[in-house]
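Engineer: Produce the complete structure using the sequences and hints provided.
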Amino acid sequence: MLGLGAMEDEVSQEAEPFLDTEAFPHFAALLAASGDYARCSGCRFRKASFSDLPEGNEPLEGRVAAKVKAAPLIKEFLEKVERHTDDALSEELNKAFNILWAESMRSSMAARCQQLELWPPCPPPPGIDDLDTDYAKDTTCLLAMAQRLYNQDRLRKESHTRRLSTASFLADFAFEAGLPTPPFFGCRDPAMEKFEALADDYELKSNVAPGRPRVWWLPWNLIVDAGCFLIDMFSKVLRPLRDNYCTSRTKKLE
0 MLGLGAMEDE VSQEAEPFLD TEAFPHFAAL LAASGDYARC SGCRFRKASF SDLPEGNEPL
60 EGRVAAKVKA APLIKEFLEK VERHTDDALS EELNKAFNIL WAESMRSSMA ARCQQLELWP
120 PCPPPPGIDD LDTDYAKDTT CLLAMAQRLY NQDRLRKESH TRRLSTASFL ADFAFEAGLP
180 TPPFFGCRDP AMEKFEALAD DYELKSNVAP GRPRVWWLPW NLIVDAGCFL IDMFSKVLRP
240 LRDNYCTSRT KKLE
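Those letters in the sequence shown? Residues 0 to 253, per numbering that gives the first Met the number 0, in order.
Source of the hints: derived by calculation from the structure; they are not laboratory data.
Among these hints, one or two may not hold up.
To be verified - With a straight-line cut-off of 25 Å between C-alpha atoms, the simulated PhoX-like cross-links for lysine-lysine are:
hint	residue 1	residue 2
1	Lys136	Lys193
2	Lys94	Lys156
3	Lys94	Lys79
4	Lys68	Lys79
5	Lys46	Lys79
6	Lys46	Lys68
7	Lys94	Lys74
8	Lys193	Lys204
9	Lys94	Lys46
10	Lys46	Lys74
11	Lys136	Lys156
12	Lys156	Lys204
Structural biologist: In structure tokens:
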């Protein structure tokens, strides 16, 4: 029975789509068709990659085969996004950008906590159990926010990283379709503002060595347009997570 259960788990993992089709159901067909391409590209999307694809019935392998497999749905969904003809697709692209924006802020705060040697706070603040991950619950105490950020990071599952990787793929897709940066990228989260004020005050009163310049951990200072946002986001925050996810998923499927 144990052997059968292990086999069922393995089959379930192999049957699971590489990209998160459940989180973005209106893009499910595109994501399912693009799974092999995303695995080869590191969960990136480039429109130019689908030009001059081979035609005919010759057997194809690897990345080229993945592109040919995805090409029809890539073309179909690019046209829909470019023409703004499907509100449901627009809503899910907005959701993808929201996921990336939230991850950018969370990762920035986590990096600042590490710089301040509060990862985790020692001793831990009272009244916070290991499952408490809502860092915005109490924005009056830096140690409480740091502990909850640490708890959240520790409890994150592969499914979250898979969703994040899918969001980055769709953000690339939106950029290649010519969509502008969503307006909310010009806004600051209130919890983040309070965190930064508390962190600045803590750094002034402690003996912690000064960290990196603020511009490196304030993503909204880096956002000029969608191109700048994606480059900075992928290189500084999301690429390690995405690469780890793609590597681990590829090993499972080999």
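Engineer: Determine which of the earlier numbered hints do not hold for this structure and return their numbers in increasing order.
Structural biologist: Of the numbered hints, just 12 does not hold.
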